[in-house]
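What follows is each chain in one-letter form.
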Amino acid sequence: MRTVKHWAALFCLLVAAAAWANEPNEANEPVVHTEVKRDQTKAPKHGSLEFLRDNRVFLRGQLDRLSLLTTLTDQGHAQLIDDRMLRLQELARAIAAARDTVDAEAAVTARRELLDSVTRLGELENQLVLMETLLTDQKTRLTVLENDFLGHQETALVILVRGLPEQGTPAGLVLTEDNRTLEVPLSAAALASLRQGGVAQIYHRFVEPRDHLFTLGFAGPGWADVPPVEVPVTADRDRITFVELDLSRLAPDPVDLGLMARVWVR
Amino acid sequence: MKILATYIAVVTVACLAVVPLAPAGDEAPFTALEGLDLAVDAARAWADDAQLIYLENDEPVAPDGTATRWGYLFYSPAADESRGYSLRRDKVLEAADLEFDFQAPPLPEQWLDSRTVLAVAHEKAGREYIEQHGGRLSTMLLIRGAFHEKNPDRSTWTVVYTSDTEPNLLVVVDAEEGKVVRQWKG
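As they're listed, the protein sequences go chains H and C. Okay, so the first sequence: first residue is 1 according to my numbering, each after it adds one. Okay, so the second sequence: first residue is 1 according to my numbering, each after it adds one.
Simulated from the structure, these hints should not be mistaken for lab results. Model, not experiment: these values are computed from the prediction. Do not rely on the hints blindly, as some may be mistaken.
[Stated by the list, open to error] A few chain C residues facing chain H, derived, Cβ under 7 angstroms:
1. 58
2. 60
3. 71
4. 78
5. 84
6. 86
7. 94
8. 108
9. 139
10. 141
11. 145
12. 146
13. 149
Using N, Cα and C, we set each Cβ at its ideal position, and we do this for glycine too.
Could you build all of it, start to finish, from the sequences and the hints given here?
Okay, here's the thing in structure tokens:
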């Protein structure tokens with residue numbers, strides 16, 4: 001029972017931390033910085049598309065002789081008219097015929113009744129239309145969901161952190177891959193969670209199914225000179241790869257980059 | 001910079017599939033079409049609107065139209081960028097943005113595989129070129145529009161044979177019908 005409570009508490013902390021970690025990404029657009037540097041492009045380990053590179057002028061020349069014509073074709077479709085609509089017309093005709101056969105007094109009464117009937121039929125029709133609209137909307141939602149699950153790859157990477165260094169706490173974490181940097185400030189609530197054994201999610205995205213090399217840097221007083229740590233991760237295709245980094249053995253002075261990492265795949 | 005790898009402890013959960021350091025089938029040859037799904041998966045993680053615009057062999061092509069590595073180039077209209085993926089069987093070996101502009105029309109969803117196309121090109125002219133001039137197959141590339149004179153909307157495989165004594169032989173094969181549409185030396 002105690003174990004269940006313990007895990008429940010951890011789960012709550014994880015959820016809270018995840019919400020906290022996701023908030024800046026969803027709310028803010030990435031900030032683009034442009035810096036001019038000398039070209040230091042590393043030669044790839046394995047040459048790729050060599051023919052294209054060697055003959056790009058020739059190939060471009062061939063393509064320059066083309067023009068692209070893009071056309072847009074939409075699909076229309078005929079809709080069947082609901083039988084109930086036809087029956088309503090028949091009813092209306094019957095009502096009109098009946099009106100001619102009664103006297104004026106009776107006609108007034110009949111008209112009132114007919115009006116009530118038409119009103120009720122109108123209400124019924126409105127309800128049917130509403131139900132059909134709801135059904136159509138639901139089908140659309142299901143189609144969208146199905147397309148989401150069937151049409152898209154599911155290779156994703158989640159990076160979690162747990163624990164805090166004993167001496168000094170970084171104000172934030174900086175996760176970098178290639179030219180993309182993700183800055184994750186550690187708020188008071190997040191720090192409190194981490195101190196109590198909680199887990200914070202700092203990264204959750206779809207990624208290319210390949211070997212990735214992230215660097216984890218630290219921000220805040222006392223942490224500026226601490227070199228970033230390389231975090232190699234292999235993202236398996238159509239899997240969610242979890243990497244949990246334990247920060248508890250980190251130290252800024254003397255520098256100790258003793259990160260512990262767990263990796264698992266689901 | 002200290003590498004984290006020394007501290008990594010790998011824990012397996014559920015259907016754990018931690019990638020081994022050197023998978024046995026990593027360098028197994030495969031056809032261009034067999035690598036397409038993985039390439040598309042990788043490209044879609046990069047850009048939702050990624051379109052395959054070009055591919056070629058990154059390692060020598062065997063007589064059966066297979067290679068141990070193929071390169072796939074995708075273009076994203078939204079980002080106006082191109083990104084190439086070099087694949088071994090079931091593994092993305094490298095992914096890199098193309099460092100120069102190259103905009104080719106998107107390839108169709110259906111195209112003939114390298115195995116079929118190479119057999120056609122070989123039968124038409126490749127075998128004779130190799131036998132007479134000590135030539136060899138150097139490149140197979142798939143692109144749309146660039147090499148089909150009569151109908152540039154079609155995609156074509158271009159099979160390039162080289163020899164030390166003769167100009168290169170290029171055999172262009174319609175990628176949908178499998179017919180040789182053009183061949184020349186140059």
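Each hint tested on the structure:
1. 58: Holds: closest Cβ of chain H sits about 5 angstroms from residue 58 of chain C, inside 7 angstroms.
2. 60: Violated. Min distance 11 angstroms.
3. 71: holds (4 angstroms)
4. 78: violated (15 angstroms)
5. 84: holds (5 angstroms)
6. 86: holds (4 angstroms)
7. 94: Because about 6 angstroms separates residue 94 of chain C from the closest Cβ in chain H, which is inside the 7 angstroms limit, the hint holds.
8. 108: violated (14 angstroms)
9. 139: holds (5 angstroms)
10. 141: Holds, because the Cβ-Cβ distance from residue 141 of chain C to chain H comes to roughly 6 angstroms (cut-off 7 angstroms).
11. 145: Holds - the Cβ of residue 145 of chain C comes within 7 angstroms of chain H, reaching about 5 angstroms at its closest.
12. 146: holds (4 angstroms)
13. 149: With a closest approach of 10 angstroms, the residue 149 of chain C hint is violated.
Hints 2, 4, 8, 13 from the list above are not met by this structure, while the remaining hints are.
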